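2 protein chains.
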Amino acid sequence: MSRPTQNDWSGCPTRYAAGIIGDKWCFLLMRDILLHGKRTYGEFASSPEGISTNILANRLATLEAAGMLTREIDPRKGSRVCYFPTRKLRDLLPALLGIMVWSTKYDPQTEAPASFAASHQKDPLATVAWYEAEIDRIDAEIVGT
Amino acid sequence: MSRPTQNDWSGCPTRYAAGIIGDKWCFLLMRDILLHGKRTYGEFASSPEGISTNILANRLATLEAAGMLTREIDPRKGSRVCYFPTRKLRDLLPALLGIMVWSTKYDPQTEAPASFAASHQKDPLATVAWYEAEIDRIDAEIVGT
DNA sequence: CTGTATCCTTAGGGATACTG
DNA sequence: CAGTATCCCTAAGGATACAG
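In order, the protein sequences belong to chains A and X. The numbers in the working numbering rise by one with no breaks, and the one at position 33 of the first sequence is 33. The numbers in the working numbering rise by one with no breaks, and the one at position 22 of the second sequence is 22.
Hints listed in this document are in silico derivations from the structure and should not be mistaken for laboratory results. Bear in mind the structure is a predicted one, so any value in this text is a computation, not a measurement. Heads up, a few of these hints could be off.
Here are the simulated BS3-like cross-link-like pairs (lysine-lysine), alpha carbons at most 27 Å apart as the crow flies [what the hints assert, rightly or not]:
1. A:Lys88 x A:Lys38
2. A:Lys88 x X:Lys24
3. X:Lys38 x A:Lys105
4. X:Lys24 x A:Lys105
5. X:Lys88 x X:Lys38
6. A:Lys24 x X:Lys88
7. X:Lys38 x A:Lys38
8. A:Lys24 x X:Lys105
9. X:Lys24 x X:Lys88
Model the full structure from these sequences, guided by the hints.
Structure (structure tokens):
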């Protein structure tokens, strides 16, 4: 069976991701959407990292252009804008989960362990259950293909 | 059982990662080390993305300071420097695999599918086998804790 | 070959004011 | 509240020369 060897990475599948994930603000915004359930401009702007409004607008446009989110009117309340994750963004969740597990293990700043870290250490299977529930919740929100 | 809820992300485990992964050059260098088996300054410099030497030196120092790699003399050939992945970096492989799978699915630039993409589509289990072999190969190289 | 150092230009991005 | 626009400064980083 042919499996990838070391010298066959001409079309390296990570270079593409580097353009989107390899940007601090895009990365944090995707986190906010996928993991924190944030959907509105104001919610993004209030993140503890303190993104400035021009950068926020710029990155929202970037992510929309990259097909990671869609900009729509809030179905519940007219004249209010919401950003929804696309399937493409949703599919990044497994990778994000991997990053979270890694950070939980190595981040020295996590003074009081977050509930994720706690439950993950106690029972990794609980993390899987959490992950799948998260997937379901986001799937229910994805509108287009 | 307590599992993470949406409003409990005060100690968000992704913010830490954003500082390391959320940088294009660090991201690509970690890819080179983990997936392309690159170990020397010249090998990094010759990557198709064309990193300039001052940035390369800067990021190698950053990654070393972050405990992601160690700088050592080549055991086989004296007076030649090599950079080895630490366990901390190695543990990022699962996340990187997730990113690769994602890119393989969505990167429109992947004109000729890489062997990874091909084998992954043909048989996902082959990817797992590839991944475990990769882990073993890197583990054999990790020197310190 | 493995880096360092310097120059210099551009882009990133914070602060803030402004608009619908 | 959801942005847009401007100002302005710093840092990122490309090119290149130099050193061990």
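Open item on the list: For lysine 24 (chain A) and lysine 88 (chain X), compute the direct alpha-carbon distance and say whether it is at most 27 Å.
Closed with: Holds, at about 20 Å.
TODO: Decide if the proposed pair is consistent with the structure: lysine 88 (chain A) and lysine 24 (chain X), CA atoms, cutoff 27 Å inclusive.
DONE: With Cα atoms ~20 Å apart, lysine 88 (chain A) and lysine 24 (chain X) stay inside 27 Å; holds.
- [ ] Would you mind confirming whether the straight-line C-alpha gap from lysine 38 (chain X) to lysine 105 (chain A) stays at or under 27 Å?
- [x] holds, 26 Å
Open item on the list: Next pair to validate is lysine 24 (chain X) with lysine 88 (chain X); report whether the Cα-Cα distance is within 27 Å.
Closed with: holds, 19 Å
TODO: Would you check the hint for lysine 24 (chain A) and lysine 105 (chain X), treating anything up to 27 Å between C-alpha atoms as holding?
DONE: holds, 23 Å
Task: Restraint check for lysine 88 (chain A) with lysine 38 (chain A), where alpha carbons must lie at most 27 Å apart - done: Holds. Lysine 88 (chain A) to lysine 38 (chain A) sits at ~17 Å (cutoff 27 Å).
Open item on the list: What's the verdict on lysine 88 (chain X) and lysine 38 (chain X), does the C-alpha distance respect the 27 Å limit or exceed it?
Closed with: holds, 17 Å
Open item on the list: Can you confirm whether the C-alpha distance between lysine 38 (chain X) and lysine 38 (chain A) stays at or below 27 Å?
Closed with: violated, 39 Å
Open item on the list: Between the alpha carbons of lysine 24 (chain X) and lysine 105 (chain A), is the straight-line distance 27 Å or under?
Closed with: The hint holds at about 23 Å.
Hint 7 from the list above is the single one not met by this structure.
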